[in-house]
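Residue-level listing of the chains:
2 protein chains.
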Amino acid sequence: MLNRKILLKSRPVGMPDESNFEWVESSVPEITDGEVLIQSIYISVDPYMRGRMSAAKSYAKPYEVGEPFMGGIVGKVLDSRNPRFEAGMYVEGRLDWAEYNVSDGSDIRKIHPGRAPISTALHVLGMPGLTAYFGLLHIGQPKEGETVVVSGASGAVGMIVGQIAKLKGCRVVGIAGSDEKCAYITDELEFDAAINYKTAGNLRGALKEACPNGVDVYFDNVGGSVTDAVMTLINFQARIIICGQISQYNLERPEMGPRVMGQLLTTSSMMKGFIVSDYAEHNKEALTQLAQWVQDGKIKYRENIVEGFENTVDAFLGLFRGDNIGKQLVKVGEE
Amino acid sequence: MLNRKILLKSRPVGMPDESNFEWVESSVPEITDGEVLIQSIYISVDPYMRGRMSAAKSYAKPYEVGEPFMGGIVGKVLDSRNPRFEAGMYVEGRLDWAEYNVSDGSDIRKIHPGRAPISTALHVLGMPGLTAYFGLLHIGQPKEGETVVVSGASGAVGMIVGQIAKLKGCRVVGIAGSDEKCAYITDELEFDAAINYKTAGNLRGALKEACPNGVDVYFDNVGGSVTDAVMTLINFQARIIICGQISQYNLERPEMGPRVMGQLLTTSSMMKGFIVSDYAEHNKEALTQLAQWVQDGKIKYRENIVEGFENTVDAFLGLFRGDNIGKQLVKVGEE
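Chains A and B supply the protein sequences, listed in that same order.
With UniProt numbering, the residue at position 168 of the first sequence is 168, and numbering never jumps.
With UniProt numbering, the residue at position 301 of the second sequence is 301, and numbering never jumps.
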């Protein structure tokens with residue numbers, strides 16, 4: 001049985017492209033005692049992976065050149081010699097970007113297709129959902145009546161952040177990069193307002209209008225000039241959650257910007273970066289809550305699904321073109 | 001009896017100078033029921049006052065043009081018609097920059113000359129000491145063996161920060177602006193290392209050498225390029241305390257700098273601004289602890305005292321020239 005796999009061929013300078021990736025074929029190995037053979041069904045492409053393509057020290061270890069790209073994958077167990085898993089089960093884990101993976105079981109978790117579509121293990125009931133949950137609730141601590149602004153608002157994390165903030169009784173303003181994205185978050189997700197930063201002209205003015213009481217919590221997926229504008233409107237004791245900085249990942253040189261320390265000082269505000277694993281001890285309670293909200297129809301989501309393993313890299317690159325509304329997935333096998 | 005008083009004459013653009021101040025004379029008013037007459041002995045000049053000279057919204061309300069400058073003053077009660085105070089007592093409070101003040105008692109506290117010199121109520125046992133205590137311990141939460149860096153290290157706040165960090169078992173590195181200041185913090189206060197940012201050349205290199213295990217806690221009084229250098233060396237889950245930004249207060253236009261969000265993100269770090277009053281509910285326990293440390297000789301301090309009410313404004317302006325080692329005070333009356 002043939003297995004296609006995607007390797008990191010070279011580290012990008014600036015925007016990555018297809019030339020940074022290499023496709024290899026090999027045969028699917030036999031599994032040995034304790035191992036599980038998994039067929040990929042959904043591959044998750046996520047902005048943070050851009051960071052791992054660089055050699056720079058970060059929370060996520062860099063990918064090695066010549067080694068497989070990896071990330072969240074939902075698959076089906078085809079064969080198992082591990083007592084915790086059996087053929088036919090669905091699992092999710094950090095696996096190689098390949099059609100088939102062999103796991104020793106330590107890096108995968110079972111998922112229950114009866115509760116929610118299996119693909120949700122890669123977004124609302126997986127890493128992006130947990131990221132939204134921990135960032136907003138543990139760092140942001142939004143209180144009823146406060147104003148929460150989220151950038152990258154129609155993406156995998158942003159769409160969940162805004163809905164949780166609504167559930168907490170906040171005024172929620174989303175920033176996104178197209179009118180279609182803005183319509184999605186206001187019409188379907190019921191955010192109070194949305195701003196298309198590409199057409200707003202005076203972004204600060206648009207934000208000020210959308211946030212007549214200022215900004216108490218800012219959940220930042222984007223960075224750059226969008227964040228500069230939000231920072232001018234923060235209230236006393238605001239909480240700024242740095243979850244992603246997608247506008248900065250592909251810059252060849254770091255960008256200068258307004259210093260934020262003065263604004264943090266005069267408002268007694270806090271800015272904090274994080275990675276979802278910082279809160280791993282709370283994963284279970286968070287997933288239980290998220291699953292309940294999804295089941296009750298209180299949290300909705302959208303998937304942007306591309307078909308075919310051969311389109312995985314392009315789907316990843318599309319994240320930086322702003323292609324996706326909702327969670328970007330690649331479907332590479334049948335359920 | 002004649003009373004001299006200093007008013008804000010005009011708002012400075014850039015560095016303030018004597019022309020922004022006005023000196024007026026009036027007679028000392030009679031006190032009425034509930035009031036206290038206080039003769040100023042020590043006037044505190046503090047960098048935060050520069051912020052109040054501007055009209056911009058901040059944690060501290062702007063001074064009004066034509067109204068008195070005000071700040072921390074230690075004085076003696078000359079006359080009292082308030083049952084909580086009597087003649088001969090020493091008090092500290094936020095009062096007008098004047099030789100005599102009348103208070104209704106709500107803005108002053110009694111101080112006990114037996115415990116420590118009365119001037120300490122304006123630094124180690126007053127606002128700067130509390131600022132150091134709350135910023136370092138409540139926000140920074142230093143753990144034994146961690147590395148704490150403090151900028152403005154020989155100033156009223158910095159000198160206390162470093163000593164508390166030493167008491168907590170940390171490696172402490174101070175950044176200051178002269179060799180004399182550096183010698184003071186290493187030789188007298190026993191910081192582990194000091195860096196003169198004006199002569200270091202490669203500040204980042206000097207910091208890296210002084211902090212072989214990186215930076216866990218950074219207590220920032222200064223901002224600008226000093227902070228830029230420290231930020232490149234922060235560890236995972238570092239805490240950056242924004243207490244002051246003296247390098248930025250007199251800029252005519254805000255300075256651009258490296259964006260910090262990426263660094264906060266990849267290290268899961270936190271940056272927080274604050275003002276001492278955010279923690280006012282803990283003032284009593286903090287002052288008790290600080291007084292104990294001073295009494296036990298575990299916290300030392302230095303005062304830089306200028307004599308004469310007529311030198312108050314120059315002493316204030318001297319803060320921005322880096323004149324002072326330790327707490328800058330103006331002595332305007334006899335104890």
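A few of these clues could be false.
The list makes no distinction among identical chains, and a pair is therefore deemed to hold if it is satisfied within one copy or across any two copies.
Unchecked claim - Pairs of lysine to any residue, SDA-like flavour, derived with a Cα cap of 20 Å: (1) K57 / T232; (2) K57 / E25; (3) K284 / A116; (4) K110 / P68; (5) K284 / S10; (6) K57 / N235; (7) K76 / K168; (8) K168 / S27; (9) K61 / Q237; (10) K57 / F236; (11) K57 / S268; (12) K61 / N235; (13) K57 / S26.
Derived from the structure by calculation, the hints contain no laboratory data.
Structure-based check of all given hints:
In this assembly of identical chains, the alpha carbons of K57 and T232 lie at most 20 Å apart only when taken from different copies (11 Å versus 30 Å within one copy). For the homomeric pair K57 and E25, neither the shortest alpha-carbon distance inside one copy (30 Å) nor that between copies (62 Å) is at most 20 Å. For the identical chains of this complex, K284 and A116 are intra-copy neighbours only, at 16 Å inside a copy versus 54 Å across copies, given an alpha-carbon limit of 20 Å. Taking the closest pair of Cα atoms, K110 and P68 never come within 20 Å of each other, the shortest separation being 23 Å inside a single copy and 69 Å across copies.
When the C-alpha separation of K284 and S10 is checked against a cutoff of 20 Å, the pair qualifies neither within a copy, at 37 Å, nor between copies, at 59 Å. For a Cα distance limit of 20 Å, the shortest separation of K57 from N235 across copies, 11 Å, qualifies, whereas the shortest one inside one copy, 33 Å, does not. For a Cα distance limit of 20 Å, the shortest separation of K76 from K168 qualifies neither inside one copy, at 36 Å, nor across copies, at 52 Å. For the identical chains of this complex, K168 and S27 are neighbours neither inside a copy (51 Å) nor across copies (58 Å), given an alpha-carbon limit of 20 Å.
Taking the shortest alpha-carbon separations for K61 and Q237, only the inter-copy value of 16 Å comes in at or below 20 Å, while the best intra-copy value is 33 Å. For the homomeric pair K57 and F236, the shortest alpha-carbon distance between copies (11 Å) is at most 20 Å, but the shortest distance inside one copy (33 Å) is not. In the homo-oligomer, the alpha carbons of K57 and S268 lie at most 20 Å apart only across protomers (13 Å), although the nearest pairing inside one protomer, at 30 Å, exceeds that limit. For a Cα distance limit of 20 Å, the shortest separation of K61 from N235 across copies, 15 Å, qualifies, whereas the shortest one inside one copy, 36 Å, does not.
Neither within a single protomer nor between protomers do K57 and S26 lie at most 20 Å apart by alpha-carbon distance, with minima of 31 Å and 64 Å respectively.
The structure fails hints 2, 4, 5, 7, 8 and 13 (numbered hints given earlier, in ascending order).
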